[in-house]
Amino acid sequence: MAIDPHSEPAIEEGGAAPFPPPPKGESGRERGPWYLAYRRFRRNRPAVAFLILFFLIVVFVLAAPLWADHVAHTGPNQSHTLERLHVGSEVREVVTPEGKPIGPQWFEAGGKFFLGADSRLGRDEMVRLMYGGQTSLLVGIGSALITTFAAIVLGLLAGYYRGWVDTVIARTLDVLWSLPVFLIALALGISLALGGLKLGPIELEGGSLWIPILIISVFTVPYIARPIRGEVLTLTEKEFVEAAVAQGAGPLRVMFSEILPNLASTVIVFFTLTIANNMLFEAGLSFLGAGVQPPNSSWGTMITVGEELLNTQPLLAIIPGTMILLTVLSLNIVGDGLRDALDPRAKVRLEAHAGMVEPKGSAV
Amino acid sequence: MARFIVRRLVGMVAVLFAVSVIVFMVFNVLPNTNPAQLLAGKNANPVLVKSIEEEWGFDEPLPVQYVEMMKKVFTGELTSYKPRIPVDEQIAQGIPATFSLTIGAAVIWLFFGLLLGYLSAIRAGSWLDKLLTGVAVAGISIPVFLIAPVLLYFLTYKNQIFPNGQYVSLSEDPWEWVQHLILPWVTLAILSIGFYSRVLRSNMLDVMNEDYVRTARAKGLSERRVMTRHVLRNSLIPIVTLFGLDFGATIAGTAIITEVLYSLNGVGAYAAEAALKFEMPPIIGVTLYGAFFVVFVNAVVDIAYAYLDPRVRLGEQATG
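Here the protein sequences come in this chain order: F and H. For the first sequence, position 104 matches number 111 in the numbering used here, and the numbering has no gaps at all. For the second sequence, position 125 matches number 126 in the numbering used here, and the numbering has no gaps at all.
Treat each hint with caution, since some may be false.
Covered by chain F, per the in silico footprint, the following chain H stretches (three or more residues, Cβ under 8 Å) [said to hold, decoys possible]:
1. 16-30
2. 66-75
3. 82-96
4. 272-282
5. 292-299
Quick caveat, the hints were computed from the structure, so don't treat them as lab data. None of the values given here were measured: they were computed from a predicted structure. The C-beta atom is built at its ideal place from N, Cα and C for all residues, glycine as well.
Kindly generate the complete structure, drawing on both the sequences and the hints.
Structure, rendered in structure tokens:
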């Protein structure tokens with residue numbers, strides 16, 4: 008697969024011919040659209056770099072148990088308030104009598120309290136950061152999966168059946184769209200965290216991670232379902248759908264094997280951007296106490312804890328915030344890169360500007 | 002046009018009704034908790050719980066409770082549980098801080114967002130464009146709860162340049178008002194600066210492709226005039242819609258976190274505090290008044306839009 012990107016004329020530079028003939032592989036066979044997208048993506052260096060960064064972050068949070076067991080020798084919720092650290096000949100208190108937690112020790116204490124302790128509870132900040140990252144990513148990815156799935160189903164149904172089905176779905180999405188979403192999610196998060204959820208067969212404990220995941224999923228559906236519905240509306244007018252119907256394909260078959268594959272690029276891009284968006288949502292809810300519940304950590308709850316000690320230990324609030332920034336930034340850049348790679352029409356549209364030099368733009 | 006306005010206003014009322022039902026359900030149907038029990042505390046005796054239930058009407062059937070609640074909303078009799086303070090008074094108290102924060106931030110984000118978007122569109126493909134695009138992506142990715150601690154630590158604690166949050170009213174001392182609000186404004190604006198500059202850039206790149214832009218060039222207008230009079234002006238229309246949607250959403254979203262971070266006693270901070278104490282009436286009040294505001298602004302924007310662009314009021318796009 009190792010193809011030198013310079014050995015073939017770059018597609019983007021063919022300003023005069025917006026649709027150059029698809030490049031041929033070694034066997035002379037035409038390359039598929041996915042391969043072309045892959046090549047376009049690979050040439051986008053910032054996107055590749057940030058994709059690598061995202062994987063590094065995932066590896067970092069997945070390594071939490073290893074770090075906890077073999078380096079820090081403590082758990083994420085374990086308190087060390089009254090303990091002392093022996094650093095060389097020096098003895099340091101994990102939490103001073105005034106309640107000030109110890110600062111970053113790096114490797115001085117053999118990896119214990121690498122980033123210091125989190126509060127007067129004296130928990131290991133580094134261990135909490137890694138486990139909290141697992142929670143934040145899990146909520147972000149989990150809710151993005153549910154959101155995307157629900158949005159695809161709703162968008163397909165509304166766009167395919169039209170009529171009253173479309174009216175009901177589109178109006179419901181409109182209502183959700185115009186709600187003060189964050190405020191309601193906040194209220195819902197708190198009321199469910201207190202008493203748990205009991206809705207038909209679903210029964211959840213107050214501290215369950217499913218609660219923030221479900222809340223975030225529900226409120227972000229319209230942002231994806233509306234564009235998908237629009238795209239389905241256009242796709243159902245296309246000849247290939249007519250052809251499938253003429254061949255006797257049923258509605259499910261048309262929706263899932265004819266229309267859905269054509270939505271793939273939209274869905275992939277939205278999915279990536281939704282993870283980023285939902286992670287910010289989770290951090291916001293958790294920051295205000297309505298998301299992930301203590302003692303579990305997430306990057307949002309860690310900022311709340313750290314904020315109180317901003318004057319003396321600023322890193323406690325800044326480090327989890329920076330982790331959120333890096334994750335969200337990498338997802339946003341990868342999402343933009345995917346959009347440029349998967350939707351060459353948008354690319355051509357942007358490139359076609361009279362005499363412009365290859366704007367590497369992203370259509371927002 | 003009149004028909005469009007009527008349809009839009011009817012839609013608005015329907016949405017508000019749906020919002021009130023949803024908010025009511027969120028508190029009364031979904032949670033597996035008894036509000037009277039929560040108010041009475043963990044170890045309260047059943048007699049106390051019973052009396053609280055009767056006092057606040059928690060024992061009534063749900064539709065009755067809903068009607069009672071809505072009556073209170075319209076008559077302004079909604080009061081918080083403990084202490085009993087009228088909700089509309091509290092909201093009125095918070096409005097100056099919230100509006101100072103969001104309007105000030107909106108001025109900043111519109112100015113810089115449009116400036117950066119314009120610069121990056123007219124120089125599309127240059128190093129400046131690449132730099133600004135990078136800045137914009139970074140801007141939309143920075144969470145407010147990273148900006149605020151960084152700004153507070155470096156500019157308030159370490160070097161006492163700006164005061165630490167709190168709200169000083171404009172009529173009391175305009176200079177103090179500005180000083181206290183600069184950090185919150187910047188915090189709230191950064192995200193939208195990135196977003197607006199991206200939207201404007203891509204709108205402008207689309208518009209540059211239109212025939213009338215070619216015509217404008219062909220009749221010998223200067224490039225600057227083409228860009229400002231023809232391209233920029235037409236690219237601003239979608240921005241107006243976006244701003245209408247966004248401004249309301251910011252008040253009910255990011256502004257809440259910003260108010261809490263900087264201890265500005267605005268409506269958002271009031272709602273967040275109420276939510277933490279499981280105080281239902283303030284949340285219902287803030288959500289409904291907030292939703293009214295959002296929906297109303299959306300309707301006004303839609304109507305303005307339909308007035309400017311006849312295709313909207315005739316075609317399918319007229320949603321809501």
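Against the structure, test the hints numbered earlier, and report the numbers of the ones violated in rising order.
-> 2 and 3
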